[in-house]
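Engineer: Chains A and B, in that order, give the protein sequences.
Using the working numbering, the first residue of the first sequence is number 4, and each one after it goes up by one.
Using the working numbering, the first residue of the second sequence is number 584, and each one after it goes up by one.
By construction, these hints were calculated from the structure, which means they are not laboratory data.
The beta-carbon is built from N, C-alpha and C at its ideal position, and this holds for glycine as well.
One thing to keep in mind: the hints can contain errors.
To be verified - If the Cβ cut is set under 10 Å, some of the chain A residues that face chain B in the computed set are:
#, residue
1, K38
2, E41
3, A43
4, L94
5, I97
6, L99
7, L118
8, L119
9, V122
10, L129
11, E130
12, E155
13, Q159
14, K199
15, Q212
Said to hold, decoys possible - Only part of the chain B face toward chain A is listed, based on derived beta-carbon distances under 8 Å:
#, residue
16, Y594
17, P597
18, R598
19, G616
20, G621
21, V623
22, V636
As the list claims (entries may be wrong) - Listed below are the simulated EDC-like cross-link pairs for lysine to aspartate or glutamate, each with C-alpha atoms no more than 20 Å apart in a straight line:
#, chain 1, residue 1, chain 2, residue 2
23, B, K605, A, E124
24, B, K708, A, E117
25, B, K641, A, E130
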Amino acid sequence: MTNGDDVSTPPQSAPQGADYFSVFSLPRLLDLDMKAIERAFYRRSREVHPDRFAQASAEKQQWSLEQTSLLNDAYRALKDPIARTEYLLRLEGITLAEDAATADRQEKKNVPPELLAEVFELNMQLEEMRMNAQMGEDDPQLRRDLEQAQAEFAGQFAGIEAAIRTEWGKWDAASNSDNSADKQAAAERMAALLDKRRYVRNLVRDVQQALGN
Amino acid sequence: MAYSDKVVDHYSNPRNVGTLDKSSTEVGTGLVGAPECGDVMRLQIKVNPETQVIEEAKFKTFGCGSAIASSSLATEWVKGKTIAEAMTISNTDIVKELALPPVKIHCSVLAEDAIRAAIGDWKAKNGVTETAEVAVAK
Ligand code: FES
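Looking at chain A on its own, in the form it has when it is part of the complex (with noise of 0.2 Å):
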């Protein structure tokens, strides 16, 4: 056997400037067949693993450690939803509000006052347990009321992804049919879900930290 890269055609580079999902010669889309996906992972990054290019040229070798790490940075940008999600709205050119932290003035809240009143309110309930805690007393109330609090947040939170999931099949179809007005208001009500996510994933955490579970 001889090396046979030379000769035969070169596996194919991802184009140039390539956005992740072109990695996987997909269109923007979010509902996306995570299984077919990961397949084509796997056959692309043993067409491009360097262990394949140890004796081609230096440029060869180059090549394919830069094809193999854009792979693997596109599989995990794709894989989870979340971040799927994300990076799709940056590449539509919203802002989030996690890109505005750094910016002197945030482009819009889009959390509603209804829940930033939630939040304050359990916050400080958590503050009461965790000083209860410290000078070991346990409130059962106070306890309960968390546990429902945990509950109730578990719940939202599982509501907002499925939420966003729906707006994912709003998107796909705007993208299909390429009605840029439906896509624009599918990405904004996204992000304004994503922000809303934020705040509800840290009362989760938080909620379960006083608790001890």
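Given chain A, put chain B with the ligand in place with the hints provided.
Structural biologist: Coordinates of chain B with the ligand only, in the frame set by chain A:
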């Protein structure tokens, strides 16, 4: 990341932590959040109805050290100022005073938003409308 001395000072010894009576007509309450990180801040002011001077200010912040320091500083600054003067406090003043790094700018924005929301709430309660551009806290 190293916090500046001023941040550490406000953080370890926050001024004006607490609560004012939300239902009082003299009290304006601003509750704001930073969607970047999910942190929340409440800032309250008590305003003299005659002079429109802010006589008392309290805050409670669930957030990072910079947010706590920013809100602590904000309460110090608004006290003794009129509503109109307090409106001119901007997050850049806070950034400068506390020497906040760029990644912590949003924490100071939160404090500025909180001042404005508290003033907006007070104005709404008292039917003051002349500064129409102020976003009224819901
Ligand atoms: S990191 Fe959230 S307010 Fe500072």
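Engineer: Looking at the structure, which of the earlier hints fail to hold?
Structural biologist: Violated hints: 1, 2, 3, 4, 5, 12, 13, 15, 16, 17, 18, 22; rest satisfied.
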